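Novice: Listed here are the chains, written in short residue letters.
Protein chains: 2
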Amino acid sequence: MNKKLSTENYKGVRDFYPEDMAIQRYIFTIWKNTLESFGYENYDASILEPTDLYKAKSGEEIVNEQTYNFIDRGDREVTLRPEMTPTVARMVAQRRRELSFPLRWFSIPNLFRYERPQRGRLREHWQLNVDFFGISDIEADIEVIEIATAILKNFGLNDSQFEVRINDRRLMNSFFKDLNLNEIEAHQLSKLIDKKNKINDFDEQAKKIAGDNFSFDLKPNETIETVIDRLRKRGISNVVFDPTIMRGFDYYTGLVFEVYDTGSDNNRALFGGGRYDDLVKIFDQDPIPAFGFGQGDVTMRDVLETYNLLPDYISRTHLTICTLNEAFFEPASVLASELRNEGLNVSVDYSGKKVGDQISKAHKKKIPFVICVGDDEISSSKFTIKQLENGKSKTVKRKDIVSFIKKNLK
Amino acid sequence: MNKKLSTENYKGVRDFYPEDMAIQRYIFTIWKNTLESFGYENYDASILEPTDLYKAKSGEEIVNEQTYNFIDRGDREVTLRPEMTPTVARMVAQRRRELSFPLRWFSIPNLFRYERPQRGRLREHWQLNVDFFGISDIEADIEVIEIATAILKNFGLNDSQFEVRINDRRLMNSFFKDLNLNEIEAHQLSKLIDKKNKINDFDEQAKKIAGDNFSFDLKPNETIETVIDRLRKRGISNVVFDPTIMRGFDYYTGLVFEVYDTGSDNNRALFGGGRYDDLVKIFDQDPIPAFGFGQGDVTMRDVLETYNLLPDYISRTHLTICTLNEAFFEPASVLASELRNEGLNVSVDYSGKKVGDQISKAHKKKIPFVICVGDDEISSSKFTIKQLENGKSKTVKRKDIVSFIKKNLK
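From first to last, the protein sequence lines are chains A and B. When the letters of the first sequence are read in order and numbered with our numbering, they come out as residues 1409 to 1818. When the letters of the second sequence are read in order and numbered with our numbering, they come out as residues 1409 to 1818.
If you are wondering where the hints come from, they were derived from the structure by calculation, not from laboratory data. Computed from a predicted model, the values in this text were never measured in an experiment. Any given hint might turn out to be false.
No copy labels: a pair is met if it fits in one copy or bridges any two.
Unchecked claim - When the alpha-carbon atoms are kept at most 30 Å apart in a straight line, the in silico BS3-like pairs for lysine-lysine are as follows:
(1) LYS1440 / LYS1561
(2) LYS1641 / LYS1761
(3) LYS1814 / LYS1561
(4) LYS1774 / LYS1805
(5) LYS1773 / LYS1440
(6) LYS1440 / LYS1814
(7) LYS1814 / LYS1641
(8) LYS1772 / LYS1615
(9) LYS1615 / LYS1815
(10) LYS1463 / LYS1814
(11) LYS1419 / LYS1689
(12) LYS1807 / LYS1463
(13) LYS1774 / LYS1616
(14) LYS1419 / LYS1463
When you get a sec, could you build the whole thing from the sequences and use the hints?
Specialist: Quick look at the structure:
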């Protein structure tokens, strides 16, 4: 026991003190409520997965350098999951005979990647994962994109603040084929298209890969047009065709989309997804059609801050009971028990400090109401409820405490 | 890509398919609601912690062999947290100047330990952690024990099914002191007392350690008597003094308790906790009084199964809209959007299968209501709602769908 132990947490991860946790729970609640309104079921798994699961996906023997891998005491290779898609593919593949397809599934896992921590990029983050398995029809694509927009609307964003940009992998593949590109050239060109909006000499660089006749004037295919049209009919008009949407992952097989922040100075892709029908192939199984997306908590929180859409923090404790002195600990705690049975969240102040200090502390903790308990209150069975936000007081009978507070609660 | 990739998960951890997840969420919801009714605030942290945090606690250089430790790519020693108490101590110590004491805090972290998986002992489990920081008064002890009983009651257990057994570390320490035991002997005797109820030759073995005059006839001290008495006054009468309650951890400094299952054939300790006032000492800080406990999800689920207290699974989706054929995908999806805006959770069947099959599938998924959409429904704006549990049907106007379903929802 020589040097002093640090109170710092591990680099690149977050502690959630109650006010941070309230924001986290707010984000998770909007996610859950939106997904459940569309009939999606919640699943989860452990963060620990066999490393083979990630080797298999890319067919490579070397796992990405950004993953957390270690060998356990039983000599097994273990990975802290860097993404949820291989896990959900594993779960679906494992029980595909018992599961009743189609599956509408969602999860909010924490994911890990070893990288230099920076704004919006942490070593641990949470990510909403949405998947619709078993429907190859375009209705699945439309529904999942509708969900992506419904989430942002439920967080309070309006149509002018974001835009859905869609493309189709099949369109791009036939475009590359028509250009007579080999695999390496197609890959180079797709990387270039992906960053088209960030560079000035796109045409010049593209011609180096695809020849002097190269021209990037793609038209949407029928799938894209139908999706845009049908979403419009459902009142979602901020959807456009954008042939620069490539999405990084190899597993997409059809429609892909990204949602962009268009209303702030910081235009950027917030999240995206697409169709990937081949995923369970890694388990040597027949394909299962799938359409899905992932959305990170760090980005979401950042967007809500940008648009000032985070709700003000308020304690989930409705009422604190202050005590005149130690003699009133007992009656205060009995009153608290009774009020809890009537549905209030109640704490009792056992600090033994002055009543004024007890009230200040409740105010600091953003608890909306206080009651003080002393001789007068016990003998009269009348209690003065102080609303800390505005300093107003109201004296009510014992039986009216709960109804008064519930009526005045925000 | 030679051998087939397994769909098995990592040994000793669980996948949560939707029906498992529903149970997990039920347990977490009862925990959260109970803790919030007592004014406790939710916090959280990452599962990744610097390994030093666990070395410090015991003052040992070697970390427990059951912990998951690894070296990250930046040569830092990292541990997957095996318990939450060092983490919460770290968080409280880090911000003790800004935090407004007392703190009533709770968390539901997942914890990791490398051990042979067996019934009730997994490599990953979730644990409710409850802590009341900053009050050395006995009121904190009473409140936290009251919470422990309130949780079980909120899960549906009655007073005859469990019992709180309490003891006091100070009582035991003075008992050992009166016996003139050295540290090693006291440790041996405490281990023996801990398993007194499981062995037949307790007296014999104890006399070997503490001498022939040893007699185990301890009386409760004033703290224990007061706690039992005050809890009785609050209607909690299943609390008894039990000098065999030792609790394994070194950090307890006062009252300790364990909650026992007494109603089933399988009498056993379910969970426990106590007072530990010295915890932030590992950070070279002045002590902060604390009283708390932890309760695991695996044990809790097991108890609820034993007493048949798990709620029946029912989907959170209220309604499935079946479609006569593909032509009705569009009107069905529009109806679904409208019903969602009115507060229902609605899915649409885009399978293109026969209506009978669509209804069977909804029933299999435990969705309570279905509506079928075809020409008649569109033209008349009347819909037949089928309640799948009892097979009853009712035809209602479009505007009455939501009120009918909400009225008949369990």
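Novice: Are the hints correct? Go through all of them and say.
Specialist: Comparing the hints with the structure gives:
1. Within a single copy, LYS1440 and LYS1561 get their C-alpha atoms as close as 14 Å, and across copies as close as 27 Å, so both meet the 30 Å cut-off.
2. Proximity of LYS1641 and LYS1761 under a CA criterion of 30 Å is satisfied inter-copy only: 25 Å between copies versus 63 Å inside one chain copy.
3. Taking the shortest Cα distances, LYS1814 and LYS1561 sit within 30 Å of each other both inside one copy (28 Å) and across copies (24 Å).
4. In this assembly of identical chains, LYS1774 and LYS1805 lie within 30 Å of each other by CA distance solely inside one copy; the values are 25 Å within and 46 Å between copies.
5. Taking the closest pair of Cα atoms, LYS1773 and LYS1440 come within 30 Å of each other both inside a single copy (27 Å) and across two copies (18 Å).
6. Taking identical chains as interchangeable, the C-alpha atoms of LYS1440 and LYS1814 lie at most 30 Å apart whether they share a chain (25 Å) or sit on different chains (20 Å).
7. Within a single copy, LYS1814 and LYS1641 get their C-alpha atoms only as close as 41 Å, which misses the 30 Å cut-off; across copies the closest is 28 Å, which meets it.
8. In this homomeric assembly, LYS1772 and LYS1615 never come within 30 Å of each other (Cα to Cα): the closest approach is 63 Å inside a single copy and 56 Å across copies.
9. In this assembly of identical chains, the alpha carbons of LYS1615 and LYS1815 never lie at most 30 Å apart, being 68 Å within a copy and 65 Å across copies at closest.
10. Proximity of LYS1463 to LYS1814 under the C-alpha cut-off of 30 Å is found in neither arrangement, the shortest distances being 55 Å within a copy and 48 Å between copies.
11. Within a single copy, LYS1419 and LYS1689 get their C-alpha atoms only as close as 37 Å, which misses the 30 Å cut-off; across copies the closest is 23 Å, which meets it.
12. Proximity of LYS1807 and LYS1463 under a CA criterion of 30 Å is satisfied in neither setting, with 64 Å inside one chain copy and 53 Å between copies.
13. Within a single copy, LYS1774 and LYS1616 get their C-alpha atoms no closer than 62 Å, and across copies no closer than 58 Å, so neither meets the 30 Å cut-off.
14. In the homo-oligomer, the alpha carbons of LYS1419 and LYS1463 lie at most 30 Å apart both inside one protomer (26 Å) and across protomers (18 Å), since each shortest distance falls under that limit.
Violated hints for the displayed structure, listed by number in ascending order: 8, 9, 10, 12 and 13.
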